[in-house]
Every structure is written in C-alpha cells, then in structure tokens.
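If you're matching them up, the sequences are chains A and B in order. Each residue of the first sequence is one higher than the last, beginning at 1 in my numbering. Each residue of the second sequence is one higher than the last, beginning at 1 in my numbering.
Some chain A residues flagged as far from chain B (calculated, every beta-carbon gap over 12 Å):
(1) ASN103
(2) ALA175
(3) GLU210
Within a straight-line C-alpha distance of at most 30 Å, the following computed DSS-like cross-link-like pairs (lysine-lysine) qualify:
(4) LYS206(B) x LYS69(B)
(5) LYS206(B) x LYS107(A)
(6) LYS21(A) x LYS153(B)
(7) LYS138(A) x LYS171(A)
(8) LYS210(B) x LYS107(B)
(9) LYS261(A) x LYS352(A)
(10) LYS195(A) x LYS113(A)
(11) LYS208(B) x LYS21(A)
(12) LYS113(A) x LYS51(B)
(13) LYS209(B) x LYS113(A)
(14) LYS209(B) x LYS299(A)
(15) LYS244(B) x LYS261(A)
(16) LYS21(A) x LYS209(B)
(17) LYS51(B) x LYS206(B)
(18) LYS65(B) x LYS21(A)
(19) LYS107(A) x LYS208(B)
(20) LYS299(A) x LYS210(B)
Short derived list, chain A residues pointing at chain B, Cβ under 10 Å:
(21) ARG10
(22) ARG22
(23) GLU47
(24) LEU50
In short, the hints are calculated from the structure, not lab data. Heads up, the beta-carbon is just placed ideally off N, CA and C, and yes, glycines get one too.
Letter by letter, the chains look like this.
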Amino acid sequence: MLFEPTEEHRLLRQMVADFVKREVEPQAEEYDQKQALNVPLLRRAAELGLLGLTVPAEHGGAGMDAVAAVIVHHELSKSDPGFCLGYLAHAMLFVNNFYFASNQEQKGRYLEKVISGEWIGGMGMTEPGHGTDVLGMKTVAVKKGDNYVLNGSKTYITNGPEGHVFLVYAKCNDAITAFIVDRDCPGFSTSKPIKKMGMRASTMSELIFEDCVIPAQNLIGVEGKGVHHMMRNLEIERLTLAAMSLGIADRCLTEMVRWSKERIAFGQAIHTFGQIQRYIAESYAMTEAARCLIYQTAKSVGPESRNRIGSDACKLFAAPVGKTVADYAMQTLGGAGYCVEYPIERFYRDAKLLEIGGGTVESHQKNITKDLVRMVD
Amino acid sequence: MKILVTVKRVTDYERKVKISPDGLSLVTEGMNFVPNPFDEIAVEEALRLQKAHGGEVVVISIGHKDASKEIRQALAMGADRGIHVIAEELDPDAVARLLMKIVEEEKPELVIMGKQATDDDANQAGQLLAGYLGWPQATFASKVEGLDSEAEKAQTPGVVIAGGEATVIREIDGGLETLKLKLPAIVTTDLRLNHPRFASLPGIMKAKKKPIKEVPVASFGVDITPKVRNVKYAEPPARKAGVKVADVAELVNKLKTEAKVI
Numbered sequence: 001m002l003f004e005p006t007e008e009h010r011l012l013r014q015m016v017a018d019f020v021k022r023e024v025e026p027q028a029e030e031y032d033q034k035q036a037l038n039v040p041l042l043r044r045a046a047e048l049g050l051l052g053l054t055v056p057a058e059h060g061g062a063g064m065d066a067v068a069a070v071i072v073h074h075e076l077s078k079s080d081p082g083f084c085l086g087y088l089a090h091a092m093l094f095v096n097n098f099y100f101a102s103n104q105e106q107k108g109r110y111l112e113k114v115i116s117g118e119w120i121g122g123m124g125m126t127e128p129g130h131g132t133d134v135l136g137m138k139t140v141a142v143k144k145g146d147n148y149v150l151n152g153s154k155t156y157i158t159n160g161p162e163g164h165v166f167l168v169y170a171k172c173n174d175a176i177t178a179f180i181v182d183r184d185c186p187g188f189s190t191s192k193p194i195k196k197m198g199m200r201a202s203t204m205s206e207l208i209f210e211d212c213v214i215p216a217q218n219l220i221g222v223e224g225k226g227v228h229h230m231m232r233n234l235e236i237e238r239l240t241l242a243a244m245s246l247g248i249a250d251r252c253l254t255e256m257v258r259w260s261k262e263r264i265a266f267g268q269a270i271h272t273f274g275q276i277q278r279y280i281a282e283s284y285a286m287t288e289a290a291r292c293l294i295y296q297t298a299k300s301v302g303p304e305s306r307n308r309i310g311s312d313a314c315k316l317f318a319a320p321v322g323k324t325v326a327d328y329a330m331q332t333l334g335g336a337g338y339c340v341e342y343p344i345e346r347f348y349r350d351a352k353l354l355e356i357g358g359g360t361v362e363s364h365q366k367n368i369t370k371d372l373v374r375m376v377d
Numbered sequence: 001m002k003i004l005v006t007v008k009r010v011t012d013y014e015r016k017v018k019i020s021p022d023g024l025s026l027v028t029e030g031m032n033f034v035p036n037p038f039d040e041i042a043v044e045e046a047l048r049l050q051k052a053h054g055g056e057v058v059v060i061s062i063g064h065k066d067a068s069k070e071i072r073q074a075l076a077m078g079a080d081r082g083i084h085v086i087a088e089e090l091d092p093d094a095v096a097r098l099l100m101k102i103v104e105e106e107k108p109e110l111v112i113m114g115k116q117a118t119d120d121d122a123n124q125a126g127q128l129l130a131g132y133l134g135w136p137q138a139t140f141a142s143k144v145e146g147l148d149s150e151a152e153k154a155q156t157p158g159v160v161i162a163g164g165e166a167t168v169i170r171e172i173d174g175g176l177e178t179l180k181l182k183l184p185a186i187v188t189t190d191l192r193l194n195h196p197r198f199a200s201l202p203g204i205m206k207a208k209k210k211p212i213k214e215v216p217v218a219s220f221g222v223d224i225t226p227k228v229r230n231v232k233y234a235e236p237p238a239r240k241a242g243v244k245v246a247d248v249a250e251l252v253n254k255l256k257t258e259a260k261v262i
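With these hints in hand, go ahead and build the complete structure from the sequences.
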C-alpha cells in the first residue's frame with residue numbers, strides 16, 4: 001500500500017502500464033536509433049491526460065500529486081527512459097513549473113496548448129559555463145519599455161529542437177528571474193540537436209538569446225524572485241528522475257532473471273552459479289531500497305510542502321542503482337547484453353544520464369550536507 | 001438505451017498459474033488480478049453504443065470483494081455506475097441466474113458480456129442468461145472491417161442498433177455470420193470486435209465519485225449450490241526434447257514410422 005496510497009494511484013499505474021505495453025515498448029528501440037522524440041506518442045500521452053498530471057482539474061489537468069508523478073515516470077522508464085525524459089521535460093519542467101509559478105493571464109495563454117500537447121515545452125537553466133554552479137548563470141535580461149531583452153545561452157536543454165515554448169531563468173539586476181520564451185520571439189534560436197550517449201529518444205539543443213525580445217507580460221512571478229520556483233520545481237524533477245532510475249533498475253532486473261533461467265552453461269542454468277546470484281540478489285536489494293526511499297519521499301513533496309533533502313537523497317541513491325543494475329544485467333547477459341538486439345545496452349546508456357542531469361550526484365552530496373549542517377545542532 | 005455489462009476479475013494471463021498441492025484448486029494468493037480481457041471489449045462496445053444512442057452503462061461484477069477494483073476500472077473507462085454482488089467463486093449457471101435477477105430489476109435493452117473468462121474458459125454464462133430470460137442472443141460478436149480499419153479508428157461500434165433491433169456480426173467456422181436480434185437481447189464479445197480504450201486520467205478522477213452498489217449474494221434468494229464440481233487440476237505435460245536426425249532419409253523414415261504423419 002506504500003506505493004499506491006489511493007485507488008486513483010492504482011488505476012493510474014494500471015493505465016500507464018497498459019499504455020507502455022501496447023504503445024511505448026513497441027517503438028522504444030526504433031526512436032533510440034532514430035535519435036528523435038516521438039511527438040505523436042507524446043500527444044497520445046496528452047489524450048490520456050498525462051501531460052497535465054499535476055495541474056488541478058479546474059485548469060484542465062488531473063490534479064494528482066508527486067506520488068502519481070513518480071508512478072508515471074517509473075512505469076514509462078521500464079520501457080523507454082529516453083521518451084520518458086522528453087515527457088519529464090514537458091510535463092514536469094515546463095507544465096508543472098509553469099502552472100505553480102504563473103499568473104491567470106499567462107495560464108490562459110499557454111496552459112491549454114501544453115496540456116493538449118499542441119505545444120511542446122522545455123526549461124532552460126544550465127549554461128555552457130554554469131551547471132552545478134547554477135546561481136552563477138550569465139544569461140541576462142534587461143527591461144526596455146514593455147519588453148525584456150535577453151542575451152546569453154542555455155545548453156543541454158531537453159526538447160530544445162522540438163519545443164514551442166520554454167521556461168527560462170536569466171539574471172535581472174543580478175537576481176535570477178523566470179521568463180516564458182516562445183520559439184518565435186525575435187532574437188531566439190536553438191542550435192542543432194546535441195548528440196549524446198543515451199536517452200536518445202529525447203533530443204536536446206542549446207537555446208540562444210541574441211537581443212531576444214520578449215513581452216514584459218512573459219515575466220513569471222516577480223523580477224528577481226525566480227530562485228524560489230526554480231528550487232521548488234527541482235524537488236519534483238529530482239524525484240521523478242529518481243523514479244526513472246527505479247524503472248530502469250526494475251526492467252534490467254527482470255531481463256537479468258529471465259536470462260539466467262534460460263541460459264545454460266556447464267550444463268546448468270546460470271542462476272545456479274554464485275557469481276550470477278550475487279548480481280541478481282544485490283540488484284534486487286538495492287532496487288527495493290530505492291523503491292521504498294522514492295515512494296516514501298514522494299508523499300512529502302508538493303507545491304506547498306518542501307523536502308529538498310529528501311528529493312536530493314532519492315536521486316543520489318537511485319541514479320547509481322539504475323546504473324549498477326543495468327551494468328549487472330549486461331554482465332549477466334554477456335555478449336547478448338552488449339548487442340543492440342537486446343534492450344540492456346540501451347538501458348545501460350540511458351541509466352548514466354541520471355547521475356548527471358537534473359543535478360549531478362556531486363550537487364546532491366553538496367545540498368544534503370549543507371542541509372544537514374544547518375539542521376544538526 | 002440502458003446497457004448492462006459484466007466484468008469478471010481473473011488472474012493475470014501473463015503470469016504462470018500454480019496448482020494447489022492437492023490438485024483441487026488454483027493458488028490465488030500473491031496472484032495479480034485483472035479484468036477479463038473479453039469483458040474490457042464488452043465495456044468498450046457499451047461505451048461506443050452509449051455515445052451513439054445515449055442512455056446509461058451499468059457494470060456488474062459477481063465475485064470476490066476485491067472485484068470492486070475491476071468495476072472501478074470500467075467506471076474510469078467511462079461507465080456510469082456499478083453493481084457488485086459479493087460472492088465466492090460460482091459456476092456459470094449460478095452466475096446466469098443471479099444476472100437474471102439483476103436484469104429483471106434493471107430492465108436493460110442490451111446485456112453485453114465477454115464470450116468467456118480467461119480463467120476457466122467456460123463460455124456459458126451469456127448463453128445460459130439468454131436461455132433463462134428467453135431473450136435472443138448473439139455470441140462471439142466481431143467486427144467485419146477488422147481492427148486496423150478506419151471504422152475502428154473512428155471508434156464505430158461493431159453492433160448496430162436501429163428500429164428496436166441489434167445487428168451483430170459473429171465469427172463462425174470459416175466465415176462471418178450476420179444476425180438481427182429483437183431487443184432486448186444478449187451479445188457476447190469476441191477478440192476482434194474492438195480495441196478497448198485506456199482509462200484516461202480525467203476518467204480515473206471522475207470514477208471515484210461514481211456509485212458502486214454492493215449487494216450480498218444471499219439477498220437474491222437464488223440457490224447457488226454448484227452444479228459443476230472441479231475434480232482435479234493438472235499441468236499440461238512438459239514438452240519432450242526433440243531428436244537430431246542424420247539426413248533426409250532418416251527424417252522421412254521417422255515421419256512415416258514414428259510420427260505417422262506421412
């Protein structure tokens with residue numbers, strides 16, 4: 001009951017699992033190889049109500065909580081972490097972030113378009129010179145009449161190539177401020193897609209601002225107060241990224257166990273060998289530990305309830321679990337695991353991203369220690 | 001038009017079934033349960049007919065107290081309300097006679113049921129219910145255009161209702177048969193009638209406010225003593241390993257003398 005606190009959570013998991021089996025799994029390998037986001041599939045997810053997962057019902061969403069967000073990312077990543085990352089950049093980094101930070105007029109202009117999937121969204125925080133050191137960002141915004149003028153660039157932005165709209169952080173009088181940037185704003189462009197090791201079913205690029213003019217009504221919240229929504233949204237982002245590692249670990253464990261039952265060496269199924277048992281048993285134990293930590297923490301993350309240390313702990317713990325279990329699965333499958341014909345190598349490549357994106361493990365170590373030093377007398 | 005649809009909770013068909021040590025029952029502990037897939041097709045057909053003709057879709061499950069989950073899933077797909085008759089495992093005849101009581105009270109124009117449940121594959125309840133009610137029946141309803149057709153993409157119902165009649169295409173050996181039934185009638189669904197929809201998130205959120213009436217089985221005054229007794233369950237025999245043959249001549253010889261197929 002820990003993982004499905006209500007009937008709605010149970011039905012949600014069932015629905016996403018059915019959707020994954022029927023529509024996500026069959027296309028996963030193809031889009032990994034194409035290195036493209038499956039936009040029609042993202043719009044299918046919109047038809048099922050998944051893009052407005054955390055937006056209240058009166059604004060056209062499902063009004064569900066962080067546990068529900070974890071369930072969706074967990075189930076999608078059992079099949080296609082790359083697609084899930086594109087979904088996360090849209091539904092969590094743009095839609096969820098935008099909804100809780102924007103005003104009524106802005107909601108009226110954007111919400112329907114992004115919940116329906118007509119427009120694809122993304123979020124711009126990292127810069128070529130500033131990753132973990134996010135507060136040192138160099139992109140600047142200057143108010144000129146009824147507009148803001150942005151200069152600078154963002155990089156590694158998921159959904160950059162496809163996105164119609166981005167939530168962008170820039171410094172206004174040296175204080176971080178959030179803006180909405182439409183693709184057709186003068187002076188805005190995106191680079192060619194950046195090729196990457198894994199997560200290839202989503203794309204990323206730079207966002208480039210060259211005297212980019214955006215209307216003043218696209219300021220989100222108050223000038224200079226962007227750090228507040230940024231830090232709030234980082235919690236659900238880290239939690240759902242951790243859920244992706246959990247999905248990867250679950251799938252890799254299943255593949256590993258199946259293989260160990262079928263593969264015969266020296267006249268017996270390989271699960272009878274102690275060396276393989278270590279891979280299987282340790283994978284199981286660490287996956288279960290990640291599951292308990294993530295779902296337990298999810299209950300305390302929401303727009304009004306903060307748990308930074310918890311969400312950092314989830315990702316710090318789960319990301320290496322996803323990577324390690326994928327590695328153990330590859331070792332168990334041996335040559336087959338290394339070949340593209342089997343899905344393990346794809347999960348192995350995808351798993352590494354979670355130790356870097358949405359916060360490196362080093363940034364989680366920094367945050368957790370900082371919080372503990374403050375909390376412990 | 002009021003449509004009754006039945007939904008049975010069955011063990012997940014993707015998991016391996018285990019037999020109890022005494023061979024008299026199946027082990028249900030720790031099993032995952034899902035709605036009978038044929039029943040999901042029945043719910044989908046009812047929802048499409050409701051969209052075309054209006055009215056109400058009522059979902060009934062007779063069985064374990066946890067079967068309310070399968071009713072809730074049908075409500076999340078879009079059905080209006082549920083009736084849950086809480087009972088232990090029953091045989092198809094008892095199910096049909098309980099359904100008859102519900103039909104007499106609810107007075108639907110159409111009852112849509114899965115052609116069979118994937119657990120016991122009895123394929124009897126729909127036919128028995130039609131017999132008890134004296135209603136016309138069309139079993140194994142299918143879609144003539146197929147599941148990749150434009151009609152299916154447009155979510156067109158396979159069952160056509162007009163002028164107090166239902167036209168149903170059913171799969172028979174070697175072809176398709178078209179039946180016209182006077183309403184009220186019973187239809188049971190085959191695999192190729194439709195692709196059931198997913199329960200959407202708004203559907204899931206609405207489902208929690210929809211009513212499910214719980215009725216104890218004793219209140220119907222129906223004798224549910226089983227007429228069929230399960231004597232024994234056994235696993236299918238394990239497949240034996242094949243043999244290697246040296247050449248074509250040996251293969252032909254074995255096919256003639258051992259397999260006796262040529």
